[in-house]
Amino acid sequence: MNDPVAMSRPKKGAAGMTGSWRTFRPVVDREACNACGLCAMYCPDGCINEEHEIDLDYCKGCGICAQECPKKAIKMEREER
Amino acid sequence: MAEIPKEEYLEKCTTACAGCTSSLTLRYVLKAAGPDTVLVVPACCTSILQGIYPNTAFNVPVYNIAFAAAAACASGMSEAFASMGKKTNVIVYAGDGGTIDIGIQALSGALERGTDFLYICYDNEAYGNTGMQRSGATPMGARTTTTPGGKTNAKKDLDRIIAAHNIPYQATATPAYPKDLYEKVKTALATPGPSFIHILAPCPPGWRIASDMSVAVGKLAVKTGSWVLWERKYGELSISSPSKGAMKKRAPLRDYLSVQGRFKGISDSTVNELEQAIEKNIAQLAKEEAGEC
Ligand SMILES: Cc1ncc(C[n+]2csc(CCOP(=O)(O)OP(=O)(O)O)c2C)c(N)n1
Ligand code: SF4
Ligand code: SF4
Ligand code: SF4
Ligand SMILES: [Mg+2]
Chain G
789 MNDPVAMSRP KKGAAGMTGS WRTFRPVVDR EACNACGLCA MYCPDGCINE
839 EHEIDLDYCK GCGICAQECP KKAIKMEREE R
Chain X
6 MAEIPKEEYL EKCTTACAGC TSSLTLRYVL KAAGPDTVLV VPACCTSILQ
56 GIYPNTAFNV PVYNIAFAAA AACASGMSEA FASMGKKTNV IVYAGDGGTI
106 DIGIQALSGA LERGTDFLYI CYDNEAYGNT GMQRSGATPM GARTTTTPGG
156 KTNAKKDLDR IIAAHNIPYQ ATATPAYPKD LYEKVKTALA TPGPSFIHIL
206 APCPPGWRIA SDMSVAVGKL AVKTGSWVLW ERKYGELSIS SPSKGAMKKR
256 APLRDYLSVQ GRFKGISDST VNELEQAIEK NIAQLAKEEA GEC
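So the protein sequences, as listed, match chains G and X. Residues 789 to 869, numbered by this note's numbering, are exactly what the first sequence covers, in order. Residues 6 to 298, numbered by this note's numbering, are exactly what the second sequence covers, in order.
This is chain G alone, in the form it adopts within the complex:
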């Protein structure tokens, strides 16, 4: 690459698999969820899709989704590894 200045290019995983940072993982209780979408709206890292599925390869385990869920449908469970 002959870039005139040092240049990075967009890539998934540009900061590695950030899911490995987690000590707690979010687990969605489908029965309790009313599909309001607030968890996806507030995830700082955009790890929750429209079906309210969480991308555990990248979810950092911050717990905001669980904290903001009005139905208390997300539990943070300790990672076992």
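Since the hints were made in silico from the structure, they are not lab data. The beta-carbon is built from N, C-alpha and C at its ideal position, and this holds for glycine as well. Heads up, none of these hints are tricks.
Computed footprint of chain G on chain X; a stretch qualifies when at least three of its residues, placed anywhere within it, have a C-beta under 8 Å from a C-beta of chain G: (1) 10-19; (2) 26-33; (3) 61-70; (4) 217-228.
Below, computed lysine-lysine pairings styled on BS3-like, alpha-carbon distance capped at 30 Å: (5) 863/G to 184/X; (6) 799/G to 91/X; (7) 224/X to 859/G; (8) 285/X to 249/X; (9) 184/X to 859/G; (10) 249/X to 860/G; (11) 863/G to 228/X; (12) 184/X to 799/G; (13) 800/G to 11/X.
Using the hints, position chain X with the ligands against chain G.
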């Protein structure tokens, strides 16, 4: 209100700390701006969290620039795009240290020149990237690594400094209210000339809060009146709806302070001073909205 687009312009993931509300802010800024956008970023957490060279999580071009130069760079960029007949959004995305302390002269110059751009200051109230030293934006009473006993000076009133430039659009926001933030970025980008948005961005390590509390703390900032959401279009100020309720009946300031480790041990007299500053700010904004000043 228009639907917020589903597109994300940040690839999973940045290296930001878990629970970083500046990352949450960026998600909505880029949703509002869309792909024809260039970010100008002076040294701050956002320079670092892009990823590891030669990869970046940012799916729009980012120009990383020296601290004091961001707004000057944006002026040149904006002129260059205009002369090429392009409508590309030029957005400076800078921290509080890079804005309120270090970048303020370049910012003032760009506002005075009438540069067509949007300057966003995301305010985590300290020099985050270098380990949380106090900045001009750190509130009185907050402990940082350079104010271990709590800061004794008041937070610099950036918004009134910016207001003195009489720019077409100015606003405050916080990502605890993402729709409000999104709408304001949209309005700013649709307004020709300089726009400025000051965004409160709670920072888990810096504010010594748990990573799951940063959005909740942003809401508390608004509910206690510590952070007032408003916008000023061509000189007309309006208080934004999340702050309307807070203006009438505020939650006790202690609710906001006591959840944050940085305010541990704050004295009653400092809390009083903070309360007085909130009341003064709210009274001034209410007067301006009513057209009394
Ligand atoms: C001229 C210069 N001085 C100091 C630094 C070191 N430095 C890099 S980022 C940073 C902190 C920036 O604070 P702020 O603008 O509030 O952004 P934050 O890191 O909090 O996101 C400092 C002091 C630098 N890069 N350049
Ligand atoms: S916030 Fe809770 S209720 Fe709403 S979609 Fe997410 S999991 Fe379901
Ligand atoms: S724990 Fe944090 S990073 Fe993971 S999905 Fe929830 S909000 Fe997103
Ligand atoms: S230090 Fe604060 S602002 Fe910087 S990346 Fe971490 S949470 Fe975000
Ligand atoms: Mg900062």
